[in-house]
Each structure stands twice: as structure tokens, then as C-alpha cells.
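J.: Spelled out from the first residue to the last, the chains are:
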Amino acid sequence: MTNLSSVDAIASLGKQPSPGTPEDWKRFFSFSTDHKVIGIQYIVTSFFFFLIGGIFAMIVRGELITPEADLVDRTVYNAMFTLHGTVMLFLWTFPVLAGLANYLVPLMIGARDMAFPRLNALAFWMVPVFGIVLMGSFLAPGGPAQAGWWSYPPVSLQNPTGALISGQFLWLLAVALSGVSSILGAVNIVTTIIRMRSPGMTLFRMPVFVWAVLSAQIIQLFGLPALTAGAIMLLFDLTLGTSFFDPAKGGDPILFQHFFWFYSHPAVYVIILPIFGIFSEIFPVYARKPLFGYKVVAISSLIIVGLSAIVWVHHMFASGTPGWMRMLFMFSTMLISVPTGIKVFAWVATIWGGKLRLTSAMLFGLGGLVMFVFAGITGIMLAAVPVDIHVNNTYFVVGHFHYVIYGATVMGIYAAFYHWFPKMTGRMYNEGLGKLHFALTFIGANLNFFPMHPLGLQGMPRRVASYDPEFAFWNVIASIGAFLLGMSTLPFILNMVGSWVQGEKAPANPWRAIGIEWLVSSPPSHENFEQLPVVIAEPYGYGKSEALISNPDALEVIHEPN
Amino acid sequence: MNIRRILTLVVVAIALAGISLWMGQQAYSWFPPQASAESLLVDDLFSFLVTLGTFIFLGVVGTLTYSVLFQQAGKYDISDGPAIEGNITLEIVWTAIPLALVIWIAAYSYQVYDQMSILGPMEHVHLEMATAEAAPIEPSTDSQMPDSNEPIERIEVLSRQWAWEFRYPEQSISSTELHLPNNHRIKLTLKSEDVIHGFYIPAFRVKQDIIPNQAIEFEFTPIREGNYRLRDSQYSGTYFAAMQADVVVQSPESYQQWLAQAAVQPPKAAYNQAFEEYRRASETAINAGWKTVVPAAPPMVNYSGSNQQNKGL
Amino acid sequence: MNPTEIDPSLTSGVIPSQTHTSDGTAEHSHDEAGNSMFGFIIFLLSESVIFLSFFAGYIVYKTTTADWLPAGVTGLEIKEPAINTVVLVSSSFVIYIAERYLHVNNLWGFRAFWLLTMAMGSYFLYGQAVEWSSLPFGFTDGVFGGTFYLLTGFHGLHVLTGVLLQLIMLGRSFIPGNYDNGEFGVAATSLFWHFVDVIWIILFVLIYIWQ
Ligand code: HEA
Ligand code: HEA
Ligand code: CUA
Ligand SMILES: [Cu+2]
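Residue numbers (the numbering used here), protein chains in the order written: chain A, 47 to 608; chain B, 8 to 320; chain C, 1066 to 1276.
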């Protein structure tokens, strides 16, 4: 059997060469069912949308560099932040993390592919489709949606042109498609993790990244349907004239807020949990120490999942929320800092006393962690109702979430890109450019998002195209930081594209990292393993010189000529 | 653990605590002036959170910085660090301490919220016992807290896309500027005619979304004379940013004077920025934006403010 | 479904008939039907949250709306829907019998009871259509009209999907060797049918009984 498969593998090598060989680029544009191809498809597509979302942000910051509404019309400004938020969440963070999960999870648990490869491809190909639907809304009469990424009614139900196919309609359609895609992806990933682990890969031998992805995808499964329900009702209100959320007809606009946040709060943990996973993978490698308190770190992800389902009202403290509800959700929200703190302290303890190597991946990991702790602390401030009453819907909130979402999430994603780039492409990246990228990003992000906190405390509302002159100082700094942040993507793109095309060839394990994905060639061959790895140890055995699997020499389908 | 390490830790902790306390004091200066009784409570709470937050942040980041500075591997050093996989005591400590902190923060916040008793949605049940509820529930030791014998002002706040209008029912006056007597408990009824708006006065640290079809009771106490800004805080469409108004807190005497003056003025259309901008835009031939909801006509009010033209931007 | 066996090379759970895939690189080392069933179950769990959300919305509206019933509407007639309910709920037992027949390889028994399930499902849809056409209120008549049609319509769509799935499974039963790889399609359709039934029971209690 073994021989036979090797022969087949050699035969198939002609069809499925390793990514990176130029003639092979075509398959990234095909309906491939290989989880590694799909992973890269997700990552590249979503990065493209990240740039688009970033350009919208540049327009936002361009408008806000002066107090007057002068750069663009108010309607355009409103469309810009609506699309910026929507694109960044639904077309960048969710798909890019789905891509990383797709690429890494089967390799990390010792599977040859995802449980449902065709479903996987289908879920991916919906991303460009709803991306085009959303971008197409620029052509709709009345322009794209302008009700913010929450699309609260009644504002979202106001349709000045009266056209059926309005920007808001296309927005809802895009979000619904995104939901379907995410649910299909979640079903696939959860099934893969639960049922496709290789022999010996017990739950408590899974890398924390896998735990985190599992937890995040469970949230998708229970959260997204609530958003879908709300979106369906909003769509009927918008197009057929039902009265679910329209107060003018006896509907209840607050109910929509509950539907929306019941999903969209947990959604922030869908975003951050895989980042926690990335941190947990990266720190041990570059500190050369085992992950401190592995089991507790793994379990705390599930605790966060549980808590994430019972805190959504903290987005509605100043809304139609009675006092008792405010107090209840204040407490549940604050509780999240306990499992999160466990993780943070575990990472610090992992790094402490290690033998640190400050590669680009490690720098982004550390930078992301620092910004996360800052954001977590402002999060606790927001959770305190009396403080939130003051800063709700101000730039303080915008500052809080960009610290998590840019500072922690995007930096964490960059860390992952650098760390697994050699694995994915078979090439090494350029460390110098990577460090330049880090410096620009770290400085830019803090210049950009720190000023939002004093602005919010001073009372500057979010979603405004114009503001009182007293806010000008910090806004100028924020805008300069934003442009710097925009520039920071250039060395990154240069590095990735350049290295992929002509970087130095990467060995199987350039970082001397422990993990199944590092035991196969870079990039791994189609179907990953000849023989499934037989796991005999917990992950992160740094300093212990023990074997992770019992059959390291039997994994490779074919030994590529070096 | 030897004595030296314990001593170092203690010294570091004291230094951090010092910096954190100093930060906590700085926090007061990050806000607009404290113009309401509520703002005193909120700022205290925030200062406490800043103190605590600074300590946690510096503790974590300081440790990381130390590692980064002093624990890097040499260029040719490919050895591993010590294979420490965990420490139960430590893990219990860093679970228990945040839990205790969180309970503390929540309890303090609860207390502050209770003292503010700004009411809010679905709390109009208290309406019948309004006088009893008017003052903070705790008998206040704070000298600046007004005593509950003071009369209560009842004012109606009407919001629509994109204008604020304030009605003083007892005097049947309307205004686009919110005048309030100093050191009096103010009771507002918030109403919206179209979408959700947000009533927000940063100097007072109070905010409440206004839900269409609901009359929301809202209370606070201004304690400092001066001019402040009222902003719409819940995104309400095209001219959202322009939906602002002035708040004037004045001595009870000049407030009564203002009421009397306003009462004799005939209602006239006030300046409304959204309406103006829309009118100007529809006069120019090319439209740089998309079709918008048409702003409501400027409110007809007895009093429309002193310096209307340069209001907002 | 299929017995799984551990083979010596520790590539566990190989289904003999699936050791070779079309591209032939390596055998698929997992129990695909089992995966599909697992995936389908979590999909249904997720799907049920949509219904739960609608139910929660319904309860909120019912308990807070001032003018719950539209003008001129006194309530819902319960007799016809009750008959409908009985038909739909009993079809859950009928489909179970069909499955048992398949297990003992009695194909005609399976087809007969399968067809009966489809008939009962179709009757339910017919009954629903009749009820809809006779109601004095529409989708846009207040929150009551909206939620009523939303809930019954969304559920009806699921019944329709179930009947269509059953039709496909019925057709497939005529393909020789269709069940060699297990009965995943039939088992999943039947599970879906039970799911649709349970949802209806909750829906019936909420809308018709709790008036
Ligand atoms: C990845 C995204 C992400 C993450 C991880 C978080 C994490 C948290 N968020 Fe954030 N949040 C957002 C994204 C995120 N948030 C977004 C996008 C919005 C706005 C959406 C919009 O309005 O458009 C938002 C808004 C938001 C609000 C609403 C504000 C408002 O609109 O008025 C609140 C209020 O409670 C809040 C709280 C929190 C809390 C308590 C955490 C906690 O999880 C943080 C926990 C972490 C720590 C506390 C630090 C580490 C812990 C320790 C070192 C232990 C010791 C600490 C203590 C004892 C305090 N967030
Ligand atoms: C993952 C999520 C994410 C990310 C990464 C970002 C990234 C950024 N965001 Fe974010 N933002 C949100 C999610 C995110 N945002 C959300 C959810 C909202 C709320 C929306 C709402 O209120 O509804 C929001 C709102 C928001 C606002 C508030 C708008 C308002 O309330 O009026 C602002 C204002 O400064 C802002 C700024 C930025 C900036 C400067 C970046 C920068 O990081 C961007 C960096 C820029 C780039 C990466 C682009 C690089 C491209 C180029 C340099 C162009 C090259 C050009 C050509 C080739 C032509 N964002
Ligand atoms: Cu006006 Cu919100
Ligand atoms: Cu939240």
C-alpha cells in the first residue's frame, strides 16, 4: 500500500507541484479542494480586501484631519466608515483567519485534508462573490449602505431613493452570504478537529492554535444564526414593508440590537481567539520554552466561548436597556478578564527566562500582546457602566477596538504570516524588511489609535464627518499615524511578493519549532502525509528533547530534491 | 526565593504603585470640566480604573520589556530555555487576583451607578415617587450634592433628523438652546420623532439613547455655571455630525429671567445647520454625494440661541 | 455506519471501498459517512438557533406589543392546524419505520413507508397553504402578521426542503448498489425530518396554543 501510494504521489506531482513554482499559480484561481491551496486563496483574497478597507479608512482619516466636512460629502463619509467596518470584519478578519485555520489545522492535527474538501472550496468561493456584491453597491441608486456596520433600524430602513436594490439591500445580501460561508466553514473545521485527528493526537495534545480555532468556530455556529435571523427580518422590513423593527409601524428597533450584538459581540472573540492561538504557538518557539500552563490556556478558550454568549448587552448600555440589565451585563463582561488574564500571564511566564530570538514573527507577537493588554484594560473601563455611559459612541470606543483589532489582531496575523511563510511558500522572507514593517506598524498604530482615547474622553462622538475645533489637535496626529500605517503595508507586500518569487529556499523547519507541520517539507506535499503521524507527546516540548511523534521518517510522501 | 529577589519585587511593586497612583490623579485632567454631580462620581471611578489599569499594564509590559532587553539568546546559542511547564500555585494566584479585582470593580461601579440614579428606559415606574427618587439614593456626604428639597425642573427634549428642540411645559416655552438652573435636579423626558438619537452632554458625563415611540425619563444635576455642548451620540444618518446644541447652565435667578424673557418672544424659525447645508447643496448644480433623507424644517421656537451662525461646523 | 477497522500502519478507520480516490495520492483515512453525519448534526444545531431567535423575537413581541392582533382579527383558528400537527408529527414515526425496513434490506417496505412520509409532509404543506389563503391578515399587518408568516413560512420552507430531499432519496433507492457505502443520505434526511417536526411542535405551542 505504501509503495503504491508513493507511486501515485509521484505521478500526481506533475499535476500538483508545490506552491511557489511559477507555472503553478493557475491553481490558486481554480476550484481546488486542497486545504493548503484554499488556505492561501483565503489569505490572499482577504488581504486584497484589507487594502480596500484600508483605503476607505484613509479617506475617513483624510476627512477628519480638519474639523470641517470638506473632503467628501457627508453621505460619502457615512458610506466610507460603513464599508470600512464591514469590509474589515467580513472580508478581512473572518476570511483571513479562516484561511490560516484551513492551512494549519489539518497539518497540526495530522490530517490529510479537511473533512469536507468540496464544501471547503465552496465556502471560500463565496468570499469573492459577496465581496463583489458589496463593492457593487457603489453602483446602486443612492450609493452604498450608510447606516454603519451595525445597520441599526430605523436609520437602515430609510431608503431615500425608494429603489428596491438599494445599497442597504446589497449590504444585507453580502452579510447573509458571508454568514452562510462562515457556517459552512465552521461545520467543516469543527468536524475536522473532532474527527480527523491522527492516532495519538488526543485533545490535550492538540496545539493551542487548534483549541482556539475550535472555540472560535463554535461561536460562529451558535452566534451567526442569530444575526441571520435579525438580517432576514430587517430585509423584509426594508423590501416588503413588514414592521418588525420599524417603530413607526409598531415594531421594536431595540430587538434588532439584541439580535445584532448576540452575534457581533461573540464575533470579536471569533477574531481574537485564533490570535491567542497564534501567540501561544509563537512565543514558545522564539523563547525556546514550553507554553506555560498549556492545559489551562487551552481550556480558557472554551471558558471565553461560554462567557462570550452572555455579555452582548454591554454594547447597549446607553441604549434602551433597563438598569438591572446594565448591572447584570456589566458583571458578566468583566468576568471575561479572568480567563483572558490566565492566558496573558501564561504568555508572560513562557517568555520570562527564555532564550529570546526577536524575529519579525516574535516582534509582531510581542507588539500585539502589549497592545492587547492596553485594549483589554480600556475594555474593562467600557464594561463599567458609569464610564461607558460617558464614552459610549465616542472615539474612546473606536480607540479600544482598534487596539484589539489592529494592535492585537492584525499584528497577530502578521506574526502568523511571517512564522508560517516558509512553510506555506517554501521560501524564506527578508528579516530586514520584516523589522522595518514592524517598526512602521507599531509606531503608526499607536500614533493612529492612541489619540482616540483622549478624544473620546473629551466627548468627540464617533461616525462624525465634522467636529468642533477643540478636537483638532489629536485628530491631526491620528491622521498622520493612519497614513504611516497605510505606508507600513508597502514593505510587507514587497517582502512577501519578492520572497515568494525569489527568496532563499526554506528547509522543513527553519525555526527549529516543535509541531507536526514542521516535520514535513516546506511546502508540504499534496495530502500532507504518506503515513499519518503517530503522536506520542504533548506539544511544546522545548528543552525536553523528547520526540513528538513515533514515525517522523514515514511522513513524507516524496523527498523533494533540494 | 531568596531575600534579595523578594526585596526587588517589593521595591518594583511600590514603584509601580506610585506611578499608577500618579496616573490615576492625571486622569481627572483628561475630561471636560466637571459640570454635574454625576461627573464627580464618574471621574472618581475612572481615576480608580486608570490606577488599577496602569498597574496591570506596567506590570505585564515591564516584565516583557525586561525579558526582551536581558534575556535574548546569543547569536550562536541554539540551546533551549528551562523546560518549565507550569506552576499550580502561580496559576491559582493569577486566576484569583483578577477575579477579586473584577468583583471589586463591579461593586464600585454598581455603587456609582446607583448613586447617579440617572434613570433611563423602563424606569418611569418610579415616576409617582419622583420627589423621593430625585436625589441620589445614598444620603450624600458630598457637599456639592444638591439637597432633595430643591424643586425639580421638568423639560421635554424633542429630537428629529437633525434638530434638537427643548420644551418647558410649565411656561410653554420652546428653545433650541437648553437652559438649566444650576444645582437643581433636572428631569428630562426624551422623545424622538423618527430614528434613534442620543442625548449626550460630555461635561455632565451623561448619555441616553432616545428611542422612537418611547418617552424616556432622564435625570441629572448640573453644578457648574457655563456653556456646554450637547451632542447627538447615536448615529442618525446623513447630518448626524451637525446635530448639536448648546447647553447653558445659569444661576436660578438668571434662569428665571431667561424663562420670562423667552416667554414673551414670538416663535420663529431657528437656525438649523442640517437644513442650511441641505438647502445650499440643493442649490448647487452638481451634487457631490448621494441622495439623502431630507432634513426636517428648522424648529419654530421662542428662543433660538445667542450665537447661532458659528454653531457647529 | 460502516464498521471501521484499525489497520496496522495506524491509518485508522479506513473504509475498504474508499482506499482509492480519483487522484490516487493516498487513501482517505477517515470514515466519510461518519464525518458527514457529524457535520450534518452540528449544522442542524446551528440552524436551530435561527428558529430559537425567531421564537425569542416572537415571545418578546407578544409580551410587549400594545396592539398585538391587527384590527378585526380575534385570534387563530386552531382546529385545522391541530389536524396538520397530528399528521406531521406522526410522519416522524412513519419515516422511522421506513428506515427500519432499509436496515433489514427490505427495499420495497422502505419505499412504501418513505412515500407515505412524503405524502404526509405534502398534506401538511397543503393544509398550511389552505390556512394561509383563508386568513384575514397579511405579512405586513403589524408585528403579529409579520411574525406569524415569518415563523410558519420559514418552517414551511424546511418542510418543503425535507420533502424534496425525500424525493431524491427515493429516486436514489433505485440505483443498484446505492447503499454499499452506507445509508448516510437516508439517515440525514430522516434526522432532518425529526428536526422539522420538533420545531413545529414548539411553533404550534407558541402560536396557536398560547394565544
Ligand atoms: C477582537 C476584538 C475585541 C476584543 C478581544 C475585545 C475585548 C473586550 N471588549 Fe471590546 N469591542 C470590540 C472588539 C473587541 N473587544 C469592538 C469591535 C467594539 C465596538 C464595536 C462597535 O461599536 O462598532 C468593542 C466594544 C466594546 C464595548 C462597548 C462599548 C460601547 O460601545 O459603549 C465594551 C463594553 O463593555 C467592550 C468591552 C470589552 C472587554 C471587557 C473585553 C475583554 O475581553 C478584554 C479582556 C482583557 C483584559 C482585561 C486584559 C488582560 C487581562 C489581564 C492582564 C488580567 C487582569 C485584568 C483585570 C483584572 C482587569 N468592548
Ligand atoms: C479589522 C478591523 C479593522 C481594521 C484593521 C481597521 C483599520 C483602520 N481603521 Fe477602522 N474600523 C473598524 C474596523 C477596523 N479598522 C470598524 C468595525 C469600525 C466601525 C465602523 C462603524 O462605525 O460602523 C471602524 C471605524 C474606524 C474609524 C471611525 C470612523 C467614524 O466613526 O467616523 C476610524 C477613524 O479614524 C478608523 C480608522 C482606521 C484606520 C486608520 C485603520 C488602519 O489600520 C488602516 C491601515 C491602512 C491600510 C492597511 C491600507 C493600506 C493601503 C494603502 C496605503 C493604499 C495604497 C493605495 C493604493 C494602491 C491606491 N476606523
Ligand atoms: Cu440624531 Cu442620532
Ligand atoms: Cu462586545
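Take these hints with a grain of salt, some might be off.
Each pair of labels, with its calculated beta carbon distance range [unchecked claim]:
1. Ala1131/C - Ile26/B: 24 to 32 Å
2. Thr72/B - Gly544/A: 29 to 37 Å
3. Ile526/A - Asn234/B: 30 to 38 Å
4. Trp1133/C - Ile26/B: 30 to 38 Å
5. Lys551/A - Thr15/B: 53 to 61 Å
6. Ile1266/C - Phe75/A: 21 to 29 Å
7. Asn220/B - Ile1266/C: 46 to 54 Å
8. Val18/B - Ile526/A: 35 to 43 Å
Keep in mind the hints are simulated off the structure, nothing from the lab. A quick note: this is a predicted structure, and the numbers were derived from the prediction, not measured. Beta carbons are placed, not taken as given, at the ideal position from N, Cα and C, and that holds for glycine.
J.: Of the numbered hints stated previously, which ones are contradicted by the structure, given in increasing order?
T.: 1, 4, 5, 6, 7
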